[in-house]
Each structure stands twice: as structure tokens, then as C-alpha cells.
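Participant: Next come the chains, spelled out residue by residue.
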Amino acid sequence: MVELEIPAEPEFVSLVRLFVSSLATTRREIADDRIDDLKLAVSEACTNAIDAHSDSDTDDRVVVTWAEGDDRLEVAVNDSGPGFDLATLPQHPPVTDPERLNFERGLGIPLIRSLVDEVDFKTSGSGTTVTLVMYCGPAEG
Amino acid sequence: MVELEIPAEPEFVSLVRLFVSSLATTRREIADDRIDDLKLAVSEACTNAIDAHSDSDTDDRVVVTWAEGDDRLEVAVNDSGPGFDLATLPQHPPVTDPERLNFERGLGIPLIRSLVDEVDFKTSGSGTTVTLVMYCGPAEG
Amino acid sequence: MLAVKGEVDVYTAPRLRERLVELVTEGKRKIVVDLEGVDFLDSTGLGVLVGGLKRLRSNDGEMTLVSTQSRILKVFEITGLTKVFSIHDSVEAATAG
Amino acid sequence: MLAVKGEVDVYTAPRLRERLVELVTEGKRKIVVDLEGVDFLDSTGLGVLVGGLKRLRSNDGEMTLVSTQSRILKVFEITGLTKVFSIHDSVEAATAG
Ligand SMILES: Nc1ncnc2c1ncn2[C@@H]1O[C@H](COP(=O)(O)OP(=O)(O)O)[C@@H](O)[C@H]1O
Ligand SMILES: Nc1ncnc2c1ncn2[C@@H]1O[C@H](COP(=O)(O)OP(=O)(O)O)[C@@H](O)[C@H]1O
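Residue numbers (the numbering used here), protein chains in the order written: chain A, 14 to 154; chain B, 14 to 154; chain C, 387 to 483; chain D, 387 to 483.
What the hints contain is simulated information worked out from the structure, not anything from laboratory work. Be aware that a few hints might be false.
[Unchecked claim] Restricting the straight-line Cα-Cα distance to at most 20 angstroms, the calculated cross-link-like pairs of lysine to any residue (SDA-like) are: (1) Lys-469/C / Gly-119/A; (2) Lys-469/C / Pro-123/A; (3) Lys-391/D / Thr-38/A; (4) Lys-460/C / Ser-127/A; (5) Lys-460/C / Ala-44/A; (6) Lys-460/C / Phe-134/A.
[Unchecked claim] Covered, in the sense of this in silico footprint (three residues per stretch, anywhere, with C-beta under 8 angstroms from a C-beta of chain B), are these stretches of chain D: (7) 401-410; (8) 433-446.
[Stated by the list, open to error] Footprint (simulated), chain B over chain A, 3 or more residues, beta carbon under 8 angstroms: (9) 32-38; (10) 131-145.
We put the CB at the ideal spot given by N, CA and C, even for glycine.
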């Protein structure tokens, strides 16, 4: 397990992406476009974790954890924000509807869902952990 | 403060280097060759931290912490190894002595000392923290 | 014409938003955003582009995008935004369109 | 001739050590180690080179290095190993020497 802990600030998301792509490249047999998918999914989860801290002025932290199974990579993104209710997220109008242009947000979670093989949300009033799973080949070396 | 926690295994030292060079490049005004110096010094400290765990078969961890001051970067490398006594480290014969070739080791700490602006060792029977300081220009942005 | 380079994410997207707002304020009505130099684009970046398109359309303008990179196009496809934007292979094609 | 590429650190140095031992075992007595493709070299890597040199000299052989990169040369300078190794600008110079 490898852990990266960053301040809940936008400028650190690029470091998280580097962390994920470096580990994915060196440790597992995984195609470049799958690494891009994982990188984007983790980046989206981190952006949400950082957003969740944007109201508080305390020294908030986001923790990204990398773990490996025989056939999978698991990246968990944890924050201490207020949590949210997945069931009540607003639905977008279909993309063909001109109204669609009123939605500049809400693209993150749908992206995450389609980029990785499994997603799990654990969320409560004291924080959220999003776990992203990507299936992959065996360990290198 | 940013923190990276890795298993005490040689294969993760390259991730630590990436962590340091990425942070140094994006966050501070610092020349490329100084970044190389810091990267090498942190890498040496990590190698020692990992070596310190090589006898134990427990799930040992090395923690690298990045902190910034107005005029400096501080990178601390912490391990839970057995510690050591700086004062009793073997001295090398001068490089011109043919005997010098018998020393394939012991180059790490001298390198660290000459690469960074300040070094501090805190070591005890329950672990070691090496703190490397490099002076640099003000924060970016 | 606006050529975007590097990573467009939650940290850098605000700068892109500012540039787009500036262009519209200057009176530009046809904007070509060249994404060929973009290494990474996330939902925040998409949101900024959607916002720019909306602003332009409400001023009778139009925005077209240039991208041939599969990893960038993929993000538009997944989110269904290929149906909202017209995306071209080259700046020439985008300008002609 | 042994061309080394990439990063030589605590993880990868054992492979370099093996290669050097192999070459000596095969009977090679003059080895040129080309470090031009090396991005990173730490004290473990230096130690392996020192070990190789020692092994060669005790067999009446010699090892010469090729490097022009300042960040690599710097590591030899700091550790005083420029006095132990002969380091050349090119493989030709190293072979001639
Ligand atoms: N880690 C989190 N903590 C709190 N709320 C979250 C978290 N992740 C997502 N959310 C909520 O879910 C909503 C939808 O997220 P997302 O689909 O990524 O779109 P966006 O972040 O652009 O709004 C967010 O606006 C936020 O209210
Ligand atoms: N973090 C540490 N924990 C325990 N011992 C250490 C640590 N760092 C250095 N040492 C001791 O100091 C010695 C000298 O270290 P160094 O100069 O880096 O050379 P080398 O690691 O090649 O022996 C090591 O061999 C080890 O005994």
C-alpha cells in the first residue's frame, strides 16, 4: 500500500495524477489508455474531495491510497468533508436538449463510473471515501 | 505539507524522486540542477531508510514529508529502523589510496551533506528521521 | 483562435474560463479552441467549455473545437458532449466549418 | 562495452552488478561503461562501479567510463571518484585511452 496525503487545494491534484500514473506504469501490466482512464477517474474523485473542503478554513487533508490485488488496482480517495447523498444528485437533461448547456457541472461522477471497472462510495457527515477499482494484469517482475 | 508513505522496499524510491522533483518544479523558484541535488539527497536518505528495514520482515513503512518555508524547502525521511550512531560511521581512506576500492558503501551520507544546505539527523532505537533543507526562492504564483 | 496547452483541471480551468470571457467581451463571436496541445482535460475543463459555448450562443456566436487525440475525444464521448460541440481535425477544418 | 540506460539506484543497481560480474567472468578485461543514457545515478550505482573496477583491477583489467552529463559527473566529483575512474567524453576516447 502506498499513501499520498495532500492539502485540500486544487494545485495538488496534478501530483495525485503523477502518483497514479507512475505507480500504474511501473507496477502493473496495464495499457496506456487504461492508465489515462484511471488517472482521470482519480483526478475527478480528488477534485470532488477538494471541493468538499472548500467551505472550511481549517487545515484539511485529502488522502489517496494505492493498493494492489492479484487482478486489480484499487485507489481510494478520502476526505473529511460534509459528505453527500448519491441518490439525490441532480439528473442532467439529455445532451440533445438545449437546456443541457445550463449544466457546467455534475460531469465528474458519471465520468468516474464509466472510466473504471468498479466504484464504491462510502460517505457520511464526517467524510467520504471513494474507491476506484481497475482490473489489470499480474504484478510486474 | 504533503506526505508520501511507501513500503520499505527499493522499488518505491523512484516514486519518491518523482514526488520531490514534481513538487520542487511546480511550487518553487529553483534551478534544475538544485532540483537534481535535492532529488539525489532525498533518494539517498530513502535508500538508507529502506536498508534500515531490510532485516525485519514486518510491514515496514517509510514516510517522506514535504514542507515549505518562506525561503526553504524541507524534506524529511522517516523510518522505524534500529537507528545508528553518526559519530561511529567508518571513515574512508583518501581516494588516492588503493585501499579506497574496498569501500563500495558509505557514500550516501557524505553525498547528502554536500548536496543540500542543511541536514539534521534524529535517530534512536525506534527509528530515524533525516531532514534535508534546501534554500530557495519564494513560492510560485 | 485560442490554443490551449498543458493540463486543464480544477487548478488551471479558471484561467481558461477567464480567457473565454475576455474574448467574448472583446466582441469575438466565432471562437476556435485548439485542444491539440492539451495533455489532460477533466470535467472542470469540460464545464468551462460548455460555459463558453453557452455564453457565445446567447450572443449569436459559436464555438468549435479542434482535437484529434483519442484520450481527449474520449472524454467528450463519454459525457455525450460530442453532440453539443462540433469537433474538428484541424484548425483549417474548424475555421471552414 | 556496456551501455547503461535509465535510472541506476538501489532497485536497479543489482542488475548492473550482475552484468559487470558476467563480463568479467566471460574473460573481458577492458570494459567501457557508457553512462550517457543514464538519467539518475546514486551512491548504490557508484558502489557497483567501484566494485566492478576493483574486480577488474585484481584481474589486471581496467574499466573506463563515458559521461558528459554534468549531473552525473557531479556525483563522481563530490565523492572524489573522478580520481579513481578515468572518465571520457565519448566511447571512442574511452576505447583509445
Ligand atoms: N467527496 C465528496 N464530498 C461531498 N460531496 C461530493 C463529493 N463528491 C461528489 N459530491 C457531490 O456530488 C456532486 C456531483 O459531483 P460530480 O458529478 O463530480 O460533479 P461536480 O463536482 O462538477 O458537481 C457534487 O457537486 C457534490 O455535491
Ligand atoms: N536511516 C538509517 N537507519 C539506520 N542506519 C542508518 C540510516 N542511515 C544511515 N545509516 C547507517 O549509516 C551508514 C552509512 O550510510 P551511507 O553513508 O548512506 O552509506 P551506505 O548506506 O552505503 O552504507 C549505513 O551503512 C548505516 O549503517
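Participant: Take the hints in turn and mark each one as holding or not.
Facilitator: A quick look at each hint next to the structure:
1. At most 20 angstroms may separate the alpha-carbon atoms for a hinted pair to count; Lys-469/C and Gly-119/A meet this at roughly 17 angstroms.
2. For the given pair, Lys-469/C sits about 17 angstroms from Pro-123/A by alpha-carbon distance, which is consistent with the 20 angstroms threshold.
3. Between Lys-391/D and Thr-38/A the alpha-carbon distance is near 18 angstroms, which keeps this suggested pair within the 20 angstroms criterion.
4. Among the hinted pairs, Lys-460/C with Ser-127/A is consistent with the structure: their alpha-carbon atoms are about 11 angstroms apart, no more than 20 angstroms.
5. This hinted pair checks out: Lys-460/C and Ala-44/A have alpha carbons roughly 15 angstroms apart, not beyond 20 angstroms.
6. Between Lys-460/C and Phe-134/A the alpha-carbon distance is near 24 angstroms, which puts this suggested pair outside the 20 angstroms criterion.
7. Only when three residues or more bring their CB closer than 8 angstroms to a CB of chain B does the claim for the region 401-410 of chain D stand; here the count is 0, and the claim is violated.
8. Under the rule that three or more residues need a Cβ within less than 8 angstroms of chain B, the assignment of the region 433-446 of chain D holds, with 7 such residues.
9. Restraint check on the region 32-38 of chain A versus chain B: 3 residues with Cβ-Cβ distances below 8 angstroms, three needed, restraint holds.
10. Counting residues of the region 131-145 of chain A whose CB falls under 8 angstroms from any CB of chain B gives 0; the rule of at least 3 is not met.
Comparing the model with each earlier hint shows violations of hints 6, 7 and 10; every other hint is respected.
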